Amino acid sequence: MTSGLAQRPPGRGVEPNSLLRFDLVQRSAHWANALLFGILMATALPLYFSSLAVIVGRRPLLAEIHLWAGVALPIPILVSLLGPWGARLRQDLRRINHWTADEVAWLRTLGGKGAPKVVDKFNPGQKLNGIFTGGVIVVMLATGCMLKWFRFFSVEWRSGATFVHDVFAFAVFIVVFGHILFAVTHPDSMRSMVQGRVSERWAQKHAADWLADERELASRDPSR
Amino acid sequence: MGRRVFLGMVALGAAGIVFGTKAQNFIESTIGSGLGGLIPGGGRFRIYSITGSFPAIRPSKYRLEISGLVERPLTLTLADLKAMPATKLVKEFQCVTGWTVPDVHWEGVRLADLLDHVGVKGGAKALSFESYDNADSESLTLDQARLSDVIVAYKMLGAPVTTEHGGPVRLYVAPMFGYKSLKWLSAIRVVDEVIPGYWEQNGYPVNGWVDGSTADTNPAYQ
Chain A
1 MTSGLAQRPP GRGVEPNSLL RFDLVQRSAH WANALLFGIL MATALPLYFS SLAVIVGRRP
61 LLAEIHLWAG VALPIPILVS LLGPWGARLR QDLRRINHWT ADEVAWLRTL GGKGAPKVVD
121 KFNPGQKLNG IFTGGVIVVM LATGCMLKWF RFFSVEWRSG ATFVHDVFAF AVFIVVFGHI
181 LFAVTHPDSM RSMVQGRVSE RWAQKHAADW LADERELASR DPSR
Chain B
1 MGRRVFLGMV ALGAAGIVFG TKAQNFIEST IGSGLGGLIP GGGRFRIYSI TGSFPAIRPS
61 KYRLEISGLV ERPLTLTLAD LKAMPATKLV KEFQCVTGWT VPDVHWEGVR LADLLDHVGV
121 KGGAKALSFE SYDNADSESL TLDQARLSDV IVAYKMLGAP VTTEHGGPVR LYVAPMFGYK
181 SLKWLSAIRV VDEVIPGYWE QNGYPVNGWV DGSTADTNPA YQ
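Residue numbers (the numbering used here), protein chains in the order written: chain A, 1 to 224; chain B, 1 to 222.
Worth flagging that the hints you see were computed from the coordinates, not collected in a lab.
A hint or two may mislead.
To be verified - Below, simulated EDC-like cross-link-like pairs (lysine to aspartate or glutamate); rule was C-alpha separation at most 20 Å, straight line:
no. : chain 1 : residue 1 : chain 2 : residue 2
1   : B       : K125      : B       : D80
2   : A       : K205      : A       : D102
3   : B       : K22       : A       : E156
4   : B       : K155      : B       : E107
5   : B       : K61       : B       : E92
6   : B       : K91       : A       : D102
7   : B       : K91       : B       : D211
8   : B       : K91       : B       : D103
9   : A       : K148      : B       : E200
What the hints assert, rightly or not - If you anchor each label on the Cβ, the simulated ranges turn out as follows:
no. : chain 1 : residue 1 : chain 2 : residue 2 : range
10  : B       : D143      : A       : L45       : 37 to 43 Å
11  : A       : C145      : B       : R63       : 41 to 47 Å
12  : A       : A212      : B       : T30       : 41 to 47 Å
13  : A       : A72       : B       : R4        : 23 to 29 Å
14  : A       : A72       : B       : Q222      : 42 to 48 Å
15  : A       : F173      : B       : R3        : 33 to 39 Å
16  : A       : E156      : B       : T141      : 23 to 29 Å
17  : B       : N134      : A       : C145      : 40 to 46 Å
18  : B       : T30       : A       : D209      : 44 to 50 Å
Nothing here was measured: the structure is a model prediction, and the numbers come from that model.
For glycine and all other residues, C-beta sits at the position ideal for the given N, C-alpha and C.
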């Protein structure tokens, strides 16, 4: 695989999408995860809203699909993260975990007027989306298991788990809606989750620090 | 920082499991169950059915058959049930899986009254209930059936019981989890031993008292 990183100066003329933002492992994890979220959200609606339940019916089937999609939910991320193939995903996770003071300030204004420039591979909103997704998987899986295998818990805890599962589900719908809205209004970002690559111009504009890191790595290891 | 937000979310979830019920009750008692009902998880029925769809029974065609170890086997219409002394209850509906709906208005005929009406023969020990969905079934001991808050309900939530809630007529067993309150009640047979119903055959306790007891009798609800 050849890279334009070492040869081409940035930001001049029309550039090919030469910079790898998400490798195949990351993209597979994202889309497998998205598919499971889609199944869970689609089946959740008639399980929760009685007006839809009346139309759709087939509750046992829906519940079974919802259960198994839920149990499978952590698999794509864990498999991509824990294997020798997960180096890039692990690296991105470290980026998501690391927050500068500027990024916190950026989030306060949601990147509006007067917000400091953010230069990491992911902007603070994207980081928060990633953290939320991780957290919500843990919480939904835990409370979902409590609802399925309820007999090991007191009635009060079962009701608490139901409450948490419902509230977090509402949050999931809001966040996923926002995530999709940002994706379709930012085609360059979305393309990088489909085809993997962005242009250096894009990186210079949105993620200058990441571009610098990639350049440094490329100069040390031209095969990258 | 990222890790802290992540752990914060998980901690919030854990706190919700332990204190969520109290928080929900507090919300409902301070701002009322009307608004509380809009909050996720607050007082909302989940519509369960065993089969793929709901049996649609026209109220005029509804029949309740009472048979088995009785002096006078009967088939009652909805009008027959409504002609009997009505019992009104305002009680919670608690599902075994955790969700709960407080202050549900119920109206119907006490099972005890129905049993007196048909006359229970000696040797009878239990009741076996059947549903119009041809799938669900339930059981109660005679003592459980005679509790004052066990009714054959034709009104629920202040209106005739809707199809999705098991109308026109369903069972409501207040002291037990929701699965005991069989929907689309079609027949009551008086039998000489407890015949575990559909959910019991799938692992739920035969005696599903809301306080967690699984004994035949429960002094807490006498």
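So, going through the hints one by one against the coordinates:
1. K125/B x D80/B: Distance of about 26 Å is beyond 20 Å: violated.
2. K205/A x D102/A: Since the Cα atoms of K205/A and D102/A sit roughly 17 Å apart, the hinted pair holds (cutoff 20 Å).
3. K22/B x E156/A: Given pair K22/B, E156/A holds - Cα atoms ~9 Å apart, limit 20 Å.
4. K155/B x E107/B: holds, 5 Å
5. K61/B x E92/B: Distance of about 30 Å is beyond 20 Å: violated.
6. K91/B x D102/A: violated, 54 Å
7. K91/B x D211/B: holds, 15 Å
8. K91/B x D103/B: holds, 5 Å
9. K148/A x E200/B: holds, 16 Å
10. D143/B x L45/A: 37 to 43 Å: holds, 42 Å
11. C145/A x R63/B: 41 to 47 Å: 42 Å Cβ-Cβ, so the 41 to 47 Å window holds.
12. A212/A x T30/B: 41 to 47 Å: violated, 54 Å
13. A72/A x R4/B: 23 to 29 Å: holds, 28 Å
14. A72/A x Q222/B: 42 to 48 Å: Holds, at about 47 Å.
15. F173/A x R3/B: 33 to 39 Å: Violated: the Cβ-Cβ distance is about 25 Å, outside 33 to 39 Å.
16. E156/A x T141/B: 23 to 29 Å: For T141/B against E156/A, whose Cβ atoms are near 27 Å apart, the range 23 to 29 Å holds.
17. N134/B x C145/A: 40 to 46 Å: Hint violated: Cβ distance 32 Å, outside 40 to 46 Å.
18. T30/B x D209/A: 44 to 50 Å: Since the Cβ atoms of T30/B and D209/A sit about 48 Å apart, the hinted range of 44 to 50 Å holds.
The structure shown violates the earlier hints numbered 1, 5, 6, 12, 15, 17.
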